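Modelling step: build the complete structure from the supplied sequences, incorporating the hints.
Chain residues, written in single-letter form:
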Amino acid sequence: MSRLPITKTPKPYVGGAFIRSESGRTFPIKDEAGNFFANIPQCTRKDLRNAVEAAAKAGPGWAKRTAYNRGQILYRLGEMLEARRKEMIDVHVTLGGPKALVTKAVDTAVDRLIYYAGWADKYEQLLGNVNPVAAPYFNFTVTEPMGVVGLIAPDRPPLLPLISLIAPAIVSGNTVVALASESVPYPAILFGEMLATSDLPGGVVNILTGFRKELVPTFATHTHLRAISAAGVSAEERRALRLGAAESVKRVRFADSETNWLAESSQNLDAIRDTLEFKTTWHPIGA
Amino acid sequence: MPTLAEKKTTRPSRPAPELIFGDLWEFDPAPETADPKLKPRYDLFIDGKFVAPKSGKYFDSINPANEQKLAEIALAGRDDVDAAYAAAQRAFETTWGKLPGRERAKYLYRIARLLQDRAREFAVAETLDGGKPIKESRDFDVPMAAAHFFYHAGWADKLEYVAPGRRIAPLGVVGQVIPWNFPLLMLAWKIAPALAMGNCVVLKPAETTSITCLKLAEILRDAGLPPGVVNFVTGAGETGAAVMSHPIAAKVAFTGSTEVGKIIMRSLAGTEKKMTMELGGKAANIVFDDAPIDQAVEGIINGIFFNQGHVCCAGSRLLVHEPVAEQVLAKLKNRIKVLRVGDPIDKNTDVGAINSREQLNKITAMVASGVKEGAELFQPACKLPSKGFYFRPTIFSGVSMSHRIAREEIFGPVLSILTFRTVDEAIEKANNTAYGLSAGVWTDKGSRILKMSTELKAGVVWANTYNKFDPTSPFGGYKESGFGREGGRQGLLDYCKLV
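Heads up: the protein sequence lines correspond to chains A and B, in order. Going by this note's numbering, 135 is the number at position 135 of the first sequence; the sequence numbering is gapless. Quick note: to get this note's numbering, add 287 to the position in the second sequence (first position is 1).
Restraint ranges, calculated between C-beta atoms of paired labels, are given here:
hint : chain 1 : residue 1 : chain 2 : residue 2 : range
1    : B       : A668      : A       : G286      : 32 to 40 Å
2    : B       : E609      : A       : K46       : 35 to 43 Å
3    : B       : A721      : A       : A134      : 26 to 34 Å
4    : B       : K738      : A       : V130      : 18 to 26 Å
5    : A       : S248      : B       : E613      : 32 to 40 Å
6    : B       : R328      : A       : A134      : 36 to 44 Å
7    : A       : D155      : B       : R328      : 58 to 66 Å
8    : B       : E645      : A       : F27       : 52 to 60 Å
9    : A       : K99       : B       : L785      : 30 to 38 Å
10   : B       : D444      : A       : A134      : 18 to 26 Å
11   : B       : R627      : A       : P201      : 50 to 58 Å
12   : A       : E32       : B       : K385      : 53 to 61 Å
Not close to chain A: a few residues of chain B, all C-beta gaps over 10 Å, as computed:
hint : residue
13   : R328
14   : Y345
15   : A373
16   : K385
17   : E447
18   : D509
19   : R694
The list that follows gives simulated cross-link-like pairs (lysine-lysine, BS3-like), each with its CA atoms no further than 27 Å apart:
hint : chain 1 : residue 1 : chain 2 : residue 2
20   : B       : K560      : A       : K213
21   : A       : K213      : B       : K561
22   : B       : K738      : A       : K64
23   : B       : K561      : B       : K549
24   : A       : K122      : B       : K738
25   : B       : K732      : A       : K64
26   : B       : K549      : A       : K213
27   : A       : K57       : B       : K738
28   : B       : K618      : B       : K670
29   : B       : K445      : A       : K122
30   : A       : K64       : B       : K716
31   : B       : K634      : B       : K618
Since the hints were derived computationally from the structure, they do not count as laboratory data. All figures in this text were calculated on a predicted structure; none of them were measured in a lab. Here a beta-carbon is modelled for each residue, glycine too, at the ideal position from N, C-alpha and C.
Structure representation (structure tokens):
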């Protein structure tokens with residue numbers, strides 16, 4: 001008689017803990033064969049607000065880490081995903097992903113984390129500079145993280161775009177609240193377990209699962225989210241996000257709908273710049 | 288041997304007596320006499336020509352210093368805005384968009400030079416139209432506008448250095464709406480980077496200050512700028528809305544109030560237009576007890592009374608360290624007693640005319656709210672001209688964070704003074720606002736300057752100075768003060784797309 005395996009209760013990673021929705025609601029997802037796979041927490045607006053609070057709390061500490069330290073932690077996150085690469089690929093395949101493509105996507109996700117890890121102590125040297133003003137001031141422009149950034153990942157593929165949004169936002173010291181794929185949320189939940197073991201302080205990355213229809217309006221209007229970075233959003237969602245953004249002059253970035261996430265062209269310095277502010281300081285020279 | 292630690296650090300308990308002349312000697316009037324060369328009527332500037340508005344309607348531009356009519360300005364309707372965009376599109380496709388950067392640069396250099404040639408004439412026109420003191424338009428607005436053209440000219444053939452690792456391209460036609468506080472300078476901030484990057488422009492100046500914009504059109508024509516590269520449409524809010532929402536505009540750039548900025552953002556929510564928003568502010572100007580106090584007092588005065596306080600980055604909230612609060616307040620009161628308020632065209636005037644009756648009413652209402660909410664008002668007893676829009680330099684002490692005068696942008700010569708005890712309290716109070724455009728820090732300690740600059744959520748931080756600007760130095764806000772930067776390499780990024 002074969003042994004009955006223990007199944008895992010999927011819980012998204014928020015504020016450094018694995019949570020159920022405060023509402024107690026879940027929705028079932030099925031595997032490729034159409035069999036029950038798991039119940040996924042259906043997060044609410046309240047869960048989103050709690051996640052923003054966790055992100056806001058984690059923000060100053062994370063931003064104050066040295067660039068070298070943030071780079072190492074992102075690298076460590078890459079190590080965690082690499083170590084559980086097979087499990088991540090298998091889960092994708094169980095949920096209907098073609099093996100060859102999924103393998104490439106998971107490998108690219110690891111490489112993407114390593115790519116942005118390397119940027120941690122370099123982007124400032126390219127984005128900031130000293131300005132030769134016509135007065136006796138040492139005038140310089142540096143970048144600062146915007147604060148708490150809301151991320152909305154496309155429905156498919158379920159993991160690579162999510163990681164491609166998270167990494168450039170957190171490498172500079174932002175903290176994020178991300179909405180995972182609605183129809184294939186499990187890879188994001190599994191990724192949460194890797195976040196938890198990567199030395200990343202709790203609250204820096206918060207991932208919610210649930211229905212876009214319920215959560216996108218709150219992403220749009222929450223004033224503590226200083227920016228929204230989204231991919232795979234419909235024209236209607238774009239409009240809603242922009243309308244909400246107007247209320248608090250929030251920055252909104254939408255990834256090009258043509259983005260090929262597997263390509264190296266989808267990773268770049270500008271993705272980091274998208275969640276940065278430029279600050280210019282006039283420091284007197286003399287006496 | 289004496290050491291630094293033994294240095295006497297106590298301050299004299301009583302400030303040294305100051306020389307206050309008051310009205311002991313009357314100043315003779317000293318008006319700037321250069322001819323502003325105004326035309327009685329200004330048409331729209333579309334496709335390289337001055338054209339009458341299709342509606343045939345004009346509105347008056349008055350001198351806020353004496354309420355006299357200066358000129359008639361064309362009122363652009365939707366048809367005129369359409370024509371301006373069509374001309375800009377044509378220029379982008381046929382001339383400007385095809386010119387090498389090297390050649391675009393030469394046009395911008397020409398514009399800078401021609402503006403320098405006519406600097407005094409432009410300064411007088413700016414002062415008559417907007418009410419700012421001639422010494423400011425002469426020494427700041429016009430030279431700085433020319434500097435912006437000169438700086439951006441040099442970028443036009445070096446754009447491959449703007450975005451490391453990426454190729455960039457112009458956006459096409461950009462729509463721009465600018466405010467009335469620095470009419471010519473804001474115009475330069477807007478069109479110089481747009482043109483350097485290879486874009487074409489449709490711009491609307493503020494309805495109360497259109498004259499220097501249309502005078503600049505003469506310079507564009509004299510410079511031989513191809514028709515349609517820059518188009519000016521004049522009018523009020525309706526014209527502005529038509530410029531912002533036009534389907535041809537690939538990008539819109541707006542400088543003005545946060546309120547209007549939000550309306551524009553809402554109205555463009557369903558489009559893919561790129562935006563730059565340079566909006567309001569409620570800057571904290573923070574004075575520590577180790578600051579050079581006399582220098583700080585000058586900086587506070589410049590921070591709030593420069594351009595009658597019609598400055599988005601004005602240092603309108605003064606945060607003073609408690610040990611020096613009384614001393615600073617006393618010195619400020621003395622200092623504003625000798626500010627010369629009056630005819631902007633007079634070369635001795637420090638504080639000129641409020642830009643419009645509407646703005647004067649807003650300032651008056653905000654000051655009334657300050658009194659009503661319990662802050663202590665101080666105004667010098669200066670004489671104000673009988674005609675025109677004027678407001679006495681105003682200081683409120685005993686202001687608390689919840690007062691409207693500490694939270695809302697007044698955009699006038701009104702300073703709200705708050706105090707703090709610790710560095711952390713200063714940071715907390717400074718950042719406790721929806722805005723985040725600028726801040727000032729006054730201290731003798733370099734390390735404290737850098738700490739404050741790191742902690743303050745503001746796009747520009749001035750240390751031991753205030754209201755300094757430079758074309759090389761990016762300017763723009765955090766939070767509800769807007770997004771995007773103007774000036775410097777960073778400013779160019781907002782006028783290109785990455786390809």
